[in-house]
Each structure stands twice: as structure tokens, then as C-alpha cells.
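Visitor: With the hints as extra help, turn the sequences into a complete structure.
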Amino acid sequence: MERRSFLSGAAAAAAVATLPGAPAIAQGSVANTLRVIPQANLTSLDPVWTTAVVTRNHAFLIYDQICAQDSNGDIKPQMAEGWDIAPDGLTWTFTLRPNLSFHDGEKVLAKDCVASIERWRKRDPFMQVLAPNVAAIEAIDDRKFRFRLTKPTPLLILALGQTQFPCFIMPERVAATDAFTQTRETIGSGPFRFLANEWNPGQRAVWSKNERYVPRNEAVDGLAGGRVPKIDRVEWTIISDSATAANAMAQGEQDYWEYPLHDLLPMLRRSRGVVVEQRLLDGTYGVCRFNTLQPPFNNPAIRRAVAMAIDQRDYLRAVAGDDPAGWGVCEGVFTCDTPLANEVGSDLLKVHNIDRAKQALAAAGYNGEKVVLIAPGDYPQINALSLVTADVIRRLGMNLEFVSADWGTVIQRRASKEPVERGGWSIFHTTSSGQSLSLPVFNLFLRANGSRAWFGWPDVPEIETLRAEWVEKGGDPAEGRRIAEELNRIAMREMYYVPLGYYWQPSAWARNVTGVFRAPATVFWNIGKS
Amino acid sequence: MFAYVIRRILATIPVMAIVALFVFSLLYIAPGDPAAVIAGDQATPDDVERIRASLGLDRPYLVRFGAWVFDIIRGDLGVSIFTNLPVSLMIKQRIEPTLSLMLVTLILAISIAVPMGVVAAWKVGTWIDRAVMGFAVLGFSVPVFVVGYLLAYVFALQLDWLPVQGYTSISQGFGPWIENLILPAIALGSVYIALIARITRATMLEVLQQDYIRTARAKGAGQRSILFLHALKNAAVPIVTVIGIGIALLIGGAVVTESVFAIPGLGRLTVDAILRRDYPVIQGVILLFSFVYVLVNLGIDLLYTLFDPRIRY
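Going down the list, the protein sequences come from chains U and H. Going by full-length UniProt numbering, the residue at position 304 of the first sequence is 304; the numbering climbs one at a time, nothing skipped. Going by full-length UniProt numbering, the residue at position 62 of the second sequence is 62; the numbering climbs one at a time, nothing skipped.
I should point out that these hints are in silico values taken from the structure, not numbers from a laboratory. Hints are not guaranteed to be accurate.
[To be verified] Covered stretches of chain H (chain U as the covering partner; in silico rule of three or more C-beta atoms under 8 Å from a C-beta of chain U):
no.	region
1	46-52
2	81-90
3	164-172
4	259-268
Just so you know, these numbers come straight off a predicted model, no measurement behind them. Glycine is no exception: its CB is placed at the ideal position from the N, C-alpha and C atoms.
Guide: Following this line, the structure appears as C-alpha cells:
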């Protein structure tokens with residue numbers, strides 16, 4: 001007896017008629033619906049207000065971009081037909097493709113793009129770096145707008161087409177919302193429309209095909225090329241329990257799981273109806289972050305001693321399992337296999353020796369100060385990284401206090417600059433996409449501008465000088481490389497964080513899901529079901 | 001009686017006020033910052049501060065508490081920090097799955113546990129009694145999530161009789177609705193069945209020793225009539241009390257069960273809100289839970305009068 005027939009008798013006996021107010025989900029055919037388990041609950045809908053990845057993925061469905069990143073990381077036109085750069089490099093003029101329209105039927109105009117860029121650039125760290133170069137952003141007519149610059153800024157197109165904090169185009173009236181206040185409308189011009197009346201945060205979010213969408217003619221390539229909506233509905237179901245999500249995939253109750261837990265990958269691979277593959281183009285990088293304001297890690301020699309004891313492979317096995325195909329060692333501050341990746345000065349990370357680290361620790365003058373390691377118990381990957389460091393710290397004979405909390409508590413406590421006795425911290429861990437670490441302008445962990453730096457607050461003026469120099473000369477590959485090597489050398493000398501390598505985060509989908517392609521973000525255009 | 005009910009309902013007001021003050025204060029001193037969650041890793045401290053100000057989280061304790069209480073008096077539970085949706089709407093979206101789960105669990109538990117307890121008392125000392133008590137120990141000992149995973153493995157993955165996860169509204173038909181609730185209700189009800197079965201057995205054993213039971217037997221009353229008409233009715237007061245107390249177990253257990261079976265109920269809403277520090281949602285849901293408790297207790301008190309005519313208010 002199968003499920004379909006198991007309760008048919010009860011159902012018939014009950015004969016409860018479907019009520020008129022039943023949600024549209026009942027009407028959606030499974031064959032035309034892509035049922036997705038997203039990586040997290042979609043709680044906020046404004047991709048400028050929050051940087052949550054799940055919100056960004058939602059935004060890719062409903063909004064469009066002026067330009068976008070292809071699979072090689074190059075920026076290609078998307079809503080833009082193209083752009084012209086004046087010979088002096090001080091004016092960039094963008095022309096929109098014809099026939100672009102928002103979900104409410106209004107045409108997409110240049111003024112919508114200007115308003116959207118203005119709102120986005122108030123929050124995007126990359127554009128904030130370039131802000132001094134931007135004199136004005138102006139609409140010329142309905143289809144043309146321009147950037148007027150104070151000096152040539154080749155990185156402008158990289159900022160505008162980036163994937164980390166994408167510039168999504170909203171109607172002007174929506175984009176007029178303060179950048180620190182959440183928008184109330186979800187009107188975009190992207191390939192799917194958000195069905196707000198079916199949104200039940202924590203349970204389900206639904207999008208339907210935007211019939212008016214005019215995709216580009218080129219083949220899809222990363223986030224560039226034709227964004228063709230090939231499915232009528234995309235339906236996210238929030239399943240917080242990984243074992244339940246794996247069972248739902250195995251039983252065919254869901255079609256796509258964005259972030260399966262590594263422990264469950266073997267089970268999914270054994271399931272005949274499921275494909276498990278790497279879809280995201282980047283790995284996920286872990287870091288161990290020190291608080292440079294408080295003892296003992298206000299002493300760079302102690303930080304270096306800990307780094308000598310660290311072996312990235314221990315961390316990567318703890319997160320992603322024993323199969324080396326699932327992870328990679330990367331002993332530098334820039335994303336491996338990208339143009340700036342280098343290991344200049346990374347010798348300490350290759351020591352992997354507890355005894356030598358103990359000697360270095362003693363020589364550095366460690367005097368039994370308490371080390372408070374804060375770890376998020378509800379975040380399996382980061383918790384695994386934290387547990388490995390805790391083991392290293394214990395084996396080094398340091399005075400460790402391991403504090404397990406939820407992520408919400410960790411991100412509040414890490415903002416404290418107080419000593420550990422007054423609620424401060426010594427070490428925490430986090431992860432980041434490879435893209436975010438590929439360039440000095442993105443690489444948040446590398447910043448070392450003291451009290452304005454990321455948590456841990458390192459103060460290394462040389463790093464900031466080099467970073468500014470890269471922004472100036474980043475367009476020149478040879479200069480860019482030289483600056484990156486110098487940055488890596490100084491970061492390894494100061495060791496205010498320890499890179500922990502990267503792991504791949506595969507996705508899983510049902511065998512009848514077609515057209516899945518590799519991209520820098522999880523997007524659902526060009527995907528169908530056979 | 002009517003005056004008693006009115007008095008009890010009025011008494012909920014100070015109870016709710018104390019709960020409100022307690023919940024608000026607890027959240028105020030608890031660690032966590034929703035503005036930091038929203039702003040993300042790339043945000044500067046200034047950005048976080050601006051978001052905090054836009055959400056009104058930088059206002060003093062008394063101002064925030066006063067504004068919240070004023071809104072509640074007007075029937076407004078506030079707006080979720082994250083979703084921008086009214087808390088009342090979010091509760092409305094989630095209340096049906098939780099009520100459905102509790103209802104099916106209650107029906108299942110009572111219809112299984114009470115006969116089990118009665119039969120165990122009747123056959124005291126036999127293998128039937130020992131089997132029922134063994135089941136009760138198992139029900140108490142095995143965590144809800146373990147029962148849930150086992151049921152899902154057997155009945156969903158191996159036999160393919162029932163779905164692994166999810167919830168279908170009853171508005172889409174009784175079949176799909178009950179199909180999604182059977183496994184969660186059994187998992188959630190396992191502790192409840194054990195509790196009610198044990199109490200029923202113990203109370204029945206005591207009642208079965210009473211003189212009037214002997215008299216009923218002497219008058220030639222049948223075994224079924226003695227057990228279910230004479231004894232069970234007189235044993236009902238403690239059983240009903242335990243069922244009432246068990247509602248607390250159900251609400252607590254529903255959090256786990258809803259996670260294991262991906263049921264979008266109030267339990268998961270609460271946990272998600274706590275993890276994100278979505279204060280208005282946490283406050284709204286806890287107020288609702290405490291109100292439900294008060295009402296359930298009132299209902300139990302009133303039920304006593306049905307089972308025991310000596311009780312009068």
C-alpha cells in the first residue's frame with residue numbers, strides 16, 4: 001500500500017470540500033513548480049536593508065541588474081544594452097535595453113536606475129570606497145543615465161556588477177526609501193514576481209513567472225546572459241531540520257536543496273533520484289579572528305604562535321568530511337585560484353607543529369591570560385571550526401574558556417571591546433564566500449583601520465595604505481599583484497586572523513530538474529523540470 | 001457559576017500584565033542585537049546604530065515598554081522587526097497548524113491512554129498491566145525527536161505511507177490535512193499517552209477499591225459498566241487535571257515536533273523569533289501562550305463540575 005492510497009478512504013469518508021479561500025498552492029501543478037529548500041528562512045525582502053544571503057537570492061528572482069558577473073568573474077551588460085566611457089574616463093553613460101518593464105506594468109526608466117543606485121551606494125562598502133570619485137549620477141532621458149566622475153575609476157563597473165552586494169533596480173518611488181529602512185513593496189523587473197499574499201515567513205515563499213520579462217539573447221553564463229524563467233512557480237519551503245530536509249529530498253517531496261549538511265551528503269548521493277553537485281562557483285572560506293585590543297592577543301607574537309599550531313586540514317575535515325575533494329587548503333588572505341592569490345609570507349601557516357608553537361608561545365611571554373572563545377552552537381560549520389581551535393588552544397596549554405551561545409548572542413558579543421572579564425572575547429570564527437575575499441576592496445577581514453576595522457579591530461596603517469593604493473592602481477594587473485603580495489606578507493606578519501582554508505558547499509536536486517548551471521549565487525532562472 | 005467565570009476572566013488581566021512585564025524585561029536584558037543581524041558582516045558600527053535607531057531599539061526601557069503596552073491595550077501586538085508584517089498576522093498564519101497538531105494529539109492520546117490505563121488497572125499484576133506500564137516508561141524516556149525520526153523512517157521512508165514533512169491546511173481537504181498530522185501527533189503524543197495512562201491506572205486502582213464498586217459488583221453490574229460508568233467517571237477529576245497540565249507539555253513538545261516534521265506552527269515561529277531576536281514576535285507569542293494557559297485552566301476547573309457534582313463555584 002502506498003501513501004497515495006493510504007488515506008483515500010478516510011479522505012473520502014470525511015468528504016470535506018475544498019474551501020474557496022484555499023491558497024493558490026493547491027492550484028499549482030508540481031510539474032511546473034520548482035520546490036526548493038533554501039539555506040535559511042526568508043525573513044526580510046529588501047536586499048539593501050539587510051545583507052542576508054537568502055534575501056539576496058530572493059532579490060535575484062524579482063529584480064534585475066544593470067550589469068552582472070559571468071562565470072569568469074567578468075562584468076557583462078544585463079539590463080544595460082551597453083555603456084560608453086568618455087575618452088577622459090570621467091563620464092560613463094549607460095543605455096537601457098528597450099521594453100524593460102516592472103511587474104506592475106510600468107516601464108523601467110533611467111530615473112529608476114539612478115534612484116536605485118543612489119540608495120544602494122549608501123550601504124555598499126565597495127561603492128563607499130569609490131564615493132569620492134563620483135560627482136553625480138544623472139538620468140539623461142528615459143533610457144540613458146550617466147556617472148560623472150572626478151577621476152577615472154575603472155573599478156566602477158566591478159562595483160555595479162558585483163554579486164556580494166548587488167545593485168538591484170527598483171521603481172523610483174520604492175528606491176526613495178531611506179537606505180536604513182526596509183522597503184514595503186516587492187516590485188522588480190526580474191524574471192519572477194514575488195507572491196506576497198502567499199508569503200508565510202518560516203514556512204513558505206512563492207514566486208511566479210514574470211510573463212513580461214524579456215531576457216537577453218545570449219546563453220546564460222554565471223549571472224550574465226539570458227535569464228529565462230522556465231518554470232511557472234518557484235516555491236521555497238523552510239525546513240530547518242537537516243535530517244527532515246534530506247528525507248524530503250529522498251522521497252521526492254522537494255526538488256532542490258540549496259545547502260545540504262555535509263554529514264548528509266553520502267545519504268543523498270545514495271539516493272537514486274537525487275543529484276549532488278557543486279553549483280556555486282566559489283568555496284566557503286573559514287577564518288579564526290583574534291581580538292587585538294585585549295590580552296593575550298594584543299600581542300602579535302602570541303597570535304603568530306597560535307597560527308603555527310593550526311593545520312587547515314583539521315578544520316576542513318571537521319566541517320566537510322575526510323574526502324579532500326570537498327575542501328582545499330588556502331594559506332593566504334586572498335581567494336585561491338584568483339588573480340591576487342599568493343602565499344608570500346605565509347610560512348607560519350605551514351608549520352603545523354604544536355611543540356614549536358608552544359616554544360613560540362613561551363618566548364612571546366604568554367602568562368596564562370584567559371582566552372574566551374565564543375562559538376555559535378546553532379551554526380554547525382562555524383561551530384565545528386570553533387571546536388577545532390578550542391582543541392588547539394587547549395593543547396597549547398592556554399587558559400581557555402569556551403563559550404557556546406547562539407549566533408545572535410555571538411554577533412552581539414563580538415562587538416564588545418571590553419576585557420574578557422567584562423563580557424569581552426578573545427577569539428571567534430566566521431565564514432565568507434570566496435568572492436568576498438578575492439579583492440582588497442571586498443576583503444573585510446583584511447581591513448586594519450583600528451576602531452573602524454572589522455571585529456578584532458586591528459590597527460595596521462600599512463595595510464590601509466596598500467589597500468588605498470590598490471583602489472588607485474587596481475586596474476593594472478602587475479601593480480595589483482605586487483600590492484596583493486605585500487598585503488599578504490603584512491597580514492601574515494600581524495596575524496590578526498588566521499585563514500582556515502575553504503570547503504565546497506554542494507547543492508542537491510532531483511534528477512528531473514533540468515538546466516542547473518554553475519553561478520556565483522543560487523538563482524533559479526533557466527531551470528526547468530522534465 | 002457565571003459570576004465565578006467572570007471573576008476568573010477578570011483575574012487573567014493582572015496575570016497577563018505580570019507576564020508582559022516579565023517577558024519584556026527578560027528580553028531587554030538578554031544578549032543579542034537584531035540590528036547587527038540585519039546589518040550583516042559588512043556593516044560599519046554606524047550602519048548598525050542607524051538601523052537600531054530606525055527600529056526604535058535605542059529608546060530607553062520605559063519608553064519602549066510603555067509604547068508596547070499602549071499598543072497592546074489597543075489590540076496591536078506590533079510589527080515584526082524583520083518581516084515588517086504585523087505580529088497578529090504572523091500568529092494567525094501559524095495558529096492553525098499548532099492547533100491542529102494539538103487537537104489531533106489530544107484526541108489520539110486520550111482515546112489511547114484512557115482505555116490503556118483502565119485496562120491496566122482492571123488487569124493489575126498481569127502481563128497486560130506490565131505491558132502498559134512498560135510502554136509508559138518508554139513513552140516518558142524516549143525523546144520526542146527520536147520518536148519522530150523513527151516514525152518518519154519507518155512510515156515515510158520505508159513504507160511510503162505518509163509524508164516526511166509539511167503541513168496542509170484543512171481548507172484543502174481532510175485527507176491531506178490528517179495525512180500530514182498523523183506522524184507528528186503520534187510523536188508528540190507519546191509522552192502524553194504515557195502520562196495519562198499512568199494517572200488513569202493509578203486513579204482507577206484507587207476507585208476500584210471503593211465500597212460502591214463492590215456494591216455494583218454485588219448487584220450484578222457488568223465489568224464494562226463497572227469500569228467505564230461507575231469507576232471511570234469518579235476517577236475523572238485527576239485525569240482531567242493531568243490532561244490540562246499536559247497542554248503545557250504539548251506546547252513545549254510542539255516546538256520540537258514542528259521542527260522535526262517542518263510544521264509551520266507557533267513553536268517554530270517562537271524559536272525562529274528568539275534566534276533572530278525579533279522582540280515583538282517573541283512578546284506576542286508568549287503573551288498568547290500565557291493567555292491559552294489561563295483559559296485552559298479555567299476550562300479544566302469548569303469541567304470538574306461536570307464530573308463531580310459536589311464541586312460548586
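Visitor: Each hint should be assessed against the structure and marked as holding or not.
Guide: So, going through the hints one by one against the coordinates:
{"no.": "1", "hint": "46-52", "result": "holds (count 4)"}
{"no.": "2", "hint": "81-90", "result": "holds (count 5)"}
{"no.": "3", "hint": "164-172", "result": "holds (count 8)"}
{"no.": "4", "hint": "259-268", "result": "holds (count 6)"}
When held up to the earlier numbered hints, the structure conflicts with none and fits them all.
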